[in-house]
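Chemist: So the sequences go chain by chain: A and B.
Note that the numbering used here gives residue 188 to position 188 of the first sequence, counting from 1, and the numbers run on in steps of one.
Note that the numbering used here gives residue 88 to position 88 of the second sequence, counting from 1, and the numbers run on in steps of one.
Just so you know, not all the hints are guaranteed correct.
So the derived list for chain A, only partly shown, Cβ under 7 Å to chain B, looks like this [said to hold, decoys possible]:
(1) D13
(2) R116
(3) L119
(4) L121
(5) L178
(6) G180
(7) F186
(8) A192
(9) L199
(10) P205
Derived SDA-like pairs: lysine to any residue, alpha-carbon spacing no greater than 25 Å straight-line [unchecked claim]:
(11) K211(B) <-> E36(A)
(12) K211(A) <-> L198(B)
(13) K147(B) <-> E24(B)
(14) K211(B) <-> P205(A)
(15) K122(B) <-> K211(B)
(16) K211(B) <-> H35(A)
(17) K211(A) <-> H105(B)
(18) K211(B) <-> K147(A)
(19) K211(B) <-> K122(A)
(20) K211(B) <-> L198(A)
(21) K211(A) <-> K122(B)
(22) K211(B) <-> D33(A)
(23) K211(A) <-> L199(B)
(24) K211(A) <-> R45(B)
(25) K122(B) <-> G40(B)
(26) K211(A) <-> D60(B)
(27) K122(A) <-> D13(A)
What the hints contain is simulated information worked out from the structure, not anything from laboratory work.
For glycine and all other residues, C-beta sits at the position ideal for the given N, C-alpha and C.
2 protein chains.
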Amino acid sequence: MGNVRAEITMSLDGYVAGPNGSLELPLGEGGEDLHEWIVGARAWRERHGHEGGEEGVDSDVVAESVENVGATIMGRNMFSGGFGSGAWADDPNATGWWGDEPPFHVPVFVLTHHAREPLELKGTTFHFVTDGIESALEEARAAAEGKDVHVAGGGATIDQYLAAGCIDQLDLHIAPKLLGGGTRLFAGLGDARPALELLRVLHSPLATHLKYRVS
Amino acid sequence: MGNVRAEITMSLDGYVAGPNGSLELPLGEGGEDLHEWIVGARAWRERHGHEGGEEGVDSDVVAESVENVGATIMGRNMFSGGFGSGAWADDPNATGWWGDEPPFHVPVFVLTHHAREPLELKGTTFHFVTDGIESALEEARAAAEGKDVHVAGGGATIDQYLAAGCIDQLDLHIAPKLLGGGTRLFAGLGDARPALELLRVLHSPLATHLKYRVS
Numbered sequence: 001m002g003n004v005r006a007e008i009t010m011s012l013d014g015y016v017a018g019p020n021g022s023l024e025l026p027l028g029e030g031g032e033d034l035h036e037w038i039v040g041a042r043a044w045r046e047r048h049g050h051e052g053g054e055e056g057v058d059s060d061v062v063a064e065s066v067e068n069v070g071a072t073i074m075g076r077n078m079f080s081g082g083f084g085s086g087a088w089a090d091d092p093n094a095t096g097w098w099g100d101e102p103p104f105h106v107p108v109f110v111l112t113h114h115a116r117e118p119l120e121l122k123g124t125t126f127h128f129v130t131d132g133i134e135s136a137l138e139e140a141r142a143a144a145e146g147k148d149v150h151v152a153g154g155g156a157t158i159d160q161y162l163a164a165g166c167i168d169q170l171d172l173h174i175a176p177k178l179l180g181g182g183t184r185l186f187a188g189l190g191d192a193r194p195a196l197e198l199l200r201v202l203h204s205p206l207a208t209h210l211k212y213r214v215s
Numbered sequence: 001m002g003n004v005r006a007e008i009t010m011s012l013d014g015y016v017a018g019p020n021g022s023l024e025l026p027l028g029e030g031g032e033d034l035h036e037w038i039v040g041a042r043a044w045r046e047r048h049g050h051e052g053g054e055e056g057v058d059s060d061v062v063a064e065s066v067e068n069v070g071a072t073i074m075g076r077n078m079f080s081g082g083f084g085s086g087a088w089a090d091d092p093n094a095t096g097w098w099g100d101e102p103p104f105h106v107p108v109f110v111l112t113h114h115a116r117e118p119l120e121l122k123g124t125t126f127h128f129v130t131d132g133i134e135s136a137l138e139e140a141r142a143a144a145e146g147k148d149v150h151v152a153g154g155g156a157t158i159d160q161y162l163a164a165g166c167i168d169q170l171d172l173h174i175a176p177k178l179l180g181g182g183t184r185l186f187a188g189l190g191d192a193r194p195a196l197e198l199l200r201v202l203h204s205p206l207a208t209h210l211k212y213r214v215s
């Protein structure tokens, strides 16, 4: 059976999204800046059908992170790019903010309270799971057929899976930024804090890439 | 003129001390665990007059951190190991929790609201500064005679110097621990958040050592 890997980018002061998020600014103020390391990386651009981009550590990390992934899980906001209202869920034609050809190329399971038929886009089908994180993980594991399940965010979704003891590996990318507010990773763990073992560290000027075994 | 370097150890969820700190537990619950990387290091033990300890990355980082330091600044709690009450300040014989032979071997400037004569111990004199962080830095710079000034903590003291734009370099040691509460670094910056440039990364199983240029 594959591993369950959670992955997210965090500011040095612990935020995975900045303050004052909105439909126009889904990652909040300064949130986009955290992801400089990824959007310029050659492997990321390639996955999105673009040419060019930087080779090097950041690109290698992107390439490795999608290796052996058989299914992806994400929260509703990460699917929709929307904060709070759930407006997309009322529009069965809404395709999320990932465009007509999302970069996942594996089945994606979206945690939501709004039942909806699967959304088939070019190369990626989104499945909407309304009966909780364990159920979503079960479906994702079945779809992954022995490959890894990738829990892609946001922070609250990763916290839920960490607190439930479902994560085998945490890939954390620390951007050299201070956001001063927003959404904190680890804020939703309560007393269900796992032990971490540092497996590897890579870095570029744009991010420090930490890989932890979680137990 | 030397650099002003701030240095502190932080949990992965952003805490430099755990919750429920007290005189008996000055670093709070779990706070001691953050410092495993340092207390077992050969260079740290040597500085405290002990033999043995681990060689390797962590010890090299300790050795480097005390190189070229001409003066140290710390907050009152870091001097006293005490939380809140300031009891030590009412007892002119109190020597802090660093013992008769503190490991600093340079003049130490303690930020406090309680005036007190300098405290001369073997190899280290503590000076008590009551007129603010800029004044303490000025005194420390003069005492350092061109060497670096080391801002040793705690978190609130480092935040004040960061917010005031006084720090040239931030040495952050991230322990692979989740404390879930306590004292956060960066919480006191308000909108005075400096820009950071990653200079170097080293790591051991016990800590990831990040060095940032601050501007």
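Chemist: With a cut-off of 25 Å on the C-alpha distance, tell me whether K147(B) and E24(B) pass.
Modeler: This hinted pair is violated, its Cα atoms lying about 35 Å apart.
Chemist: Check whether the Cα positions of K211(B) and P205(A) lie no farther apart than 25 Å.
Modeler: holds, 11 Å
Chemist: Would the hint on A192(A) be counted as holding, given a Cβ-Cβ threshold of 7 Å to chain B?
Modeler: Where the cut-off is 7 Å and the nearest Cβ of chain B is about 9 Å from A192(A), the hint is violated.
Chemist: Verify the interface restraint on G180(A): the C-beta must sit less than 7 Å from at least one C-beta of chain B.
Modeler: holds, 5 Å
Chemist: Are L178(A) and chain B close enough, Cβ to Cβ, to be under 7 Å, as the hint says?
Modeler: holds, 4 Å
Chemist: Below or equal to 25 Å on CA atoms is what counts here, so check K211(B) against L198(A).
Modeler: holds, 18 Å
Chemist: Checking one constraint from the list: CA of K211(B) to CA of K147(A), max 25 Å. Satisfied?
Modeler: violated, 37 Å
Chemist: Given the hinted pair K122(B) and G40(B), is their alpha-carbon gap at most 25 Å?
Modeler: holds, 23 Å
Chemist: Just to be careful, I want the Cα atoms of K211(A) and R45(B) compared with a cutoff of 25 Å; is the pair within it?
Modeler: Judged against 25 Å, a Cα distance of about 29 Å means the pair is violated.
Chemist: When the nearest CB of chain B is found for L199(A), is that gap smaller than 7 Å?
Modeler: violated, 9 Å
Chemist: For the restraint on L119(A), tell me whether the closest CB of chain B is nearer than 7 Å.
Modeler: violated, 35 Å
Chemist: Verify the proposed pairing of K211(B) with D33(A), using a straight-line Cα cut of 25 Å.
Modeler: Between K211(B) and D33(A) the Cα gap is close to 20 Å, so the pair holds against 25 Å.
Checked against the numbered hints given earlier, this structure breaks hints 2, 3, 4, 8, 9, 13, 15, 17, 18, 19, 21, 24 and 27; the rest are met.
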